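Protein chains in written order, with UniProt numbering: chain A, 1 to 173; chain B, 1 to 173.
The set of hints was computed from the structure by calculation and includes no laboratory data.
Please read all numbers here as calculations on a predicted model, not as lab measurements.
Incorrect hints may have been included.
What the hints assert, rightly or not - Below, computed lysine to any residue pairings styled on SDA-like, alpha-carbon distance capped at 20 Å:
| no. | chain 1 | residue 1 | chain 2 | residue 2 |
| --- | --- | --- | --- | --- |
| 1 | B | Lys-50 | A | Gly-31 |
| 2 | A | Lys-50 | B | Gly-31 |
| 3 | A | Lys-119 | A | Gln-68 |
| 4 | B | Lys-119 | B | Val-71 |
| 5 | B | Lys-119 | B | Val-12 |
| 6 | A | Lys-50 | A | Thr-40 |
| 7 | B | Lys-50 | A | Gln-96 |
| 8 | A | Lys-50 | A | Thr-62 |
| 9 | B | Lys-50 | B | Gly-31 |
| 10 | A | Lys-119 | A | Leu-129 |
| 11 | A | Lys-119 | A | Gln-137 |
| 12 | A | Lys-50 | A | Pro-36 |
| 13 | B | Lys-50 | B | Arg-11 |
| 14 | A | Lys-50 | B | Arg-11 |
| 15 | A | Lys-50 | B | Ala-53 |
| 16 | A | Lys-50 | B | Gly-38 |
| 17 | A | Lys-50 | B | Pro-98 |
| 18 | B | Lys-50 | A | Ala-53 |
| 19 | A | Lys-119 | A | Leu-135 |
| 20 | A | Lys-50 | B | Gln-96 |
| 21 | A | Lys-119 | A | Val-71 |
| 22 | A | Lys-119 | A | Arg-2 |
| 23 | B | Lys-50 | A | Thr-40 |
| 24 | B | Lys-50 | B | Thr-62 |
| 25 | A | Lys-50 | A | Ile-20 |
| 26 | B | Lys-119 | B | Gln-68 |
| 27 | B | Lys-50 | B | Arg-34 |
| 28 | B | Lys-50 | A | Pro-36 |
Stated by the list, open to error - Some chain A residues near chain B, calculated using beta-carbon distances under 10 Å:
| no. | residue |
| --- | --- |
| 29 | Gly-22 |
| 30 | Thr-78 |
| 31 | Leu-79 |
| 32 | Gly-86 |
Cβ coordinates follow ideal geometry from the N, Cα and C atoms, glycine included.
Protein chains: 2
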Amino acid sequence: MRVLGIDPGSRVTGFGVLDIDGQHRHYVASGCIRTPVGGTLPQRIESLLKGIAEVVAAYQPTVAAVEQVFVNVNPQSTLLLGQARGAVISALVIAQLPISEYTALQVKQAVVGNGHADKEQVQHMVQRLLRLNGLPQADAADALAVALTHANHAGSALKQLGGGLKIRRGRLT
Amino acid sequence: MRVLGIDPGSRVTGFGVLDIDGQHRHYVASGCIRTPVGGTLPQRIESLLKGIAEVVAAYQPTVAAVEQVFVNVNPQSTLLLGQARGAVISALVIAQLPISEYTALQVKQAVVGNGHADKEQVQHMVQRLLRLNGLPQADAADALAVALTHANHAGSALKQLGGGLKIRRGRLT
Numbered sequence: 001m002r003v004l005g006i007d008p009g010s011r012v013t014g015f016g017v018l019d020i021d022g023q024h025r026h027y028v029a030s031g032c033i034r035t036p037v038g039g040t041l042p043q044r045i046e047s048l049l050k051g052i053a054e055v056v057a058a059y060q061p062t063v064a065a066v067e068q069v070f071v072n073v074n075p076q077s078t079l080l081l082g083q084a085r086g087a088v089i090s091a092l093v094i095a096q097l098p099i100s101e102y103t104a105l106q107v108k109q110a111v112v113g114n115g116h117a118d119k120e121q122v123q124h125m126v127q128r129l130l131r132l133n134g135l136p137q138a139d140a141a142d143a144l145a146v147a148l149t150h151a152n153h154a155g156s157a158l159k160q161l162g163g164g165l166k167i168r169r170g171r172l173t
Numbered sequence: 001m002r003v004l005g006i007d008p009g010s011r012v013t014g015f016g017v018l019d020i021d022g023q024h025r026h027y028v029a030s031g032c033i034r035t036p037v038g039g040t041l042p043q044r045i046e047s048l049l050k051g052i053a054e055v056v057a058a059y060q061p062t063v064a065a066v067e068q069v070f071v072n073v074n075p076q077s078t079l080l081l082g083q084a085r086g087a088v089i090s091a092l093v094i095a096q097l098p099i100s101e102y103t104a105l106q107v108k109q110a111v112v113g114n115g116h117a118d119k120e121q122v123q124h125m126v127q128r129l130l131r132l133n134g135l136p137q138a139d140a141a142d143a144l145a146v147a148l149t150h151a152n153h154a155g156s157a158l159k160q161l162g163g164g165l166k167i168r169r170g171r172l173t
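Kindly generate the complete structure, drawing on both the sequences and the hints.
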């Protein structure tokens, strides 16, 4: 199973790709898609759609996991984030990838063991769990953390189902 | 010019198609795309993408106009609305349609002449302006009102530009 983890944002969307092989997780790639500053909404959505399509074409993931965004106190920011998230999920639906969603709490709990961990702790644990030489950039680290969370959930779901493949929460393939 | 007007919503997305011929506006079609109740976010986004793609394939609009959504006081509703809007604009970007955006205020002002008009007034004015036999359903009426607003703006933009085609606000073709 190759997981594409995504941390959607209205300006920067992080992505991280992992291979899952039993209890082992292998780092494949990570990075950021930046939407054009000062671009119109259709331009920003187009850059997100193209960016995700390029990542999918380059790394051929078999499943996607998306972080459930933080609902901001500023309604305008929440709307922008929602629009970016809608575009990200549109790109994944078009790529016909099964999509799972995880809250920030689930991700921090899975990776750091503490739902209230800060960004630096997530970066450090992602570096350790994936045996990376350097500290991953914050948005890429969040996306890799989402992929790691999916790896844990998918592993335990498979165990519970006795190795059978079933739809659960998101969809397992 | 054939305009596809869209009023995005997390449950119901209205659409309306008009032909613009000088000062004349001709009704072509209108309706609603309903997302599956209780569906997952990817399922709801998929139904929106397919719904918009079918409308575009059936009526072959040359330009799209989308209502800028009301930012709700409830952050969760704002996020859902943003996601639906992101999916709608993704579908229009994929269909390679030029996209313009109009606020509810602009739409009401263009159609009723009063930015604080209520839904019923919009329905009645849409029926009158397009010489429809019956009152259009509320979501379809809003979408037709967005298309009418674009017709007015595009007309005046063309006049100002002396008939030349230029990018303005959204994009004119």
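20 Å Cα cutoff - pair Lys-50(A), Gly-31(B): 30 Å, violated
Distance restraint between Lys-119(A) and Gln-137(A), which requires alpha-carbon spacing of 20 Å or less: 10 Å, holds
Pairwise hint evaluation, Arg-34(B) against Lys-50(B), where the allowed Cα distance is 20 Å at most: Holds, at about 11 Å.
Distance restraint between Lys-50(A) and Gly-38(B), which requires alpha-carbon spacing of 20 Å or less: 29 Å, violated
Given pair status - Thr-62(A), Lys-50(A), alpha carbons within 20 Å: Distance of about 18 Å is within 20 Å: holds.
Holds or violated: Lys-50(B) to Ala-53(A), with C-alpha atoms at most 20 Å apart: It holds: about 18 Å lies between the C-alpha atoms, which stays within 20 Å.
Hinted pair Lys-50(B) and Thr-40(A), Cα distance within 20 Å: Violated, at about 24 Å.
20 Å limit on alpha-carbon distance, applied to hinted pair Lys-50(A) and Ala-53(B): 18 Å, holds
Holds or violated: Lys-50(A) to Thr-40(A), with C-alpha atoms at most 20 Å apart: 15 Å, holds
Gly-86(A) as an interface hint toward chain B, with CB separation required under 10 Å: 2 Å, holds
Lys-119(A) paired with Arg-2(A) [C-alpha distance capped at 20 Å]: With Cα atoms ~24 Å apart, Lys-119(A) and Arg-2(A) exceed 20 Å; violated.
Lys-119(B) paired with Val-71(B) [C-alpha distance capped at 20 Å]: Distance ~17 Å between Lys-119(B) and Val-71(B) Cα, so the pair holds.
Hint check: violations occur at hints 1, 2, 14, 16, 22, 23, 25, 28 and 29; the rest are consistent with the structure.
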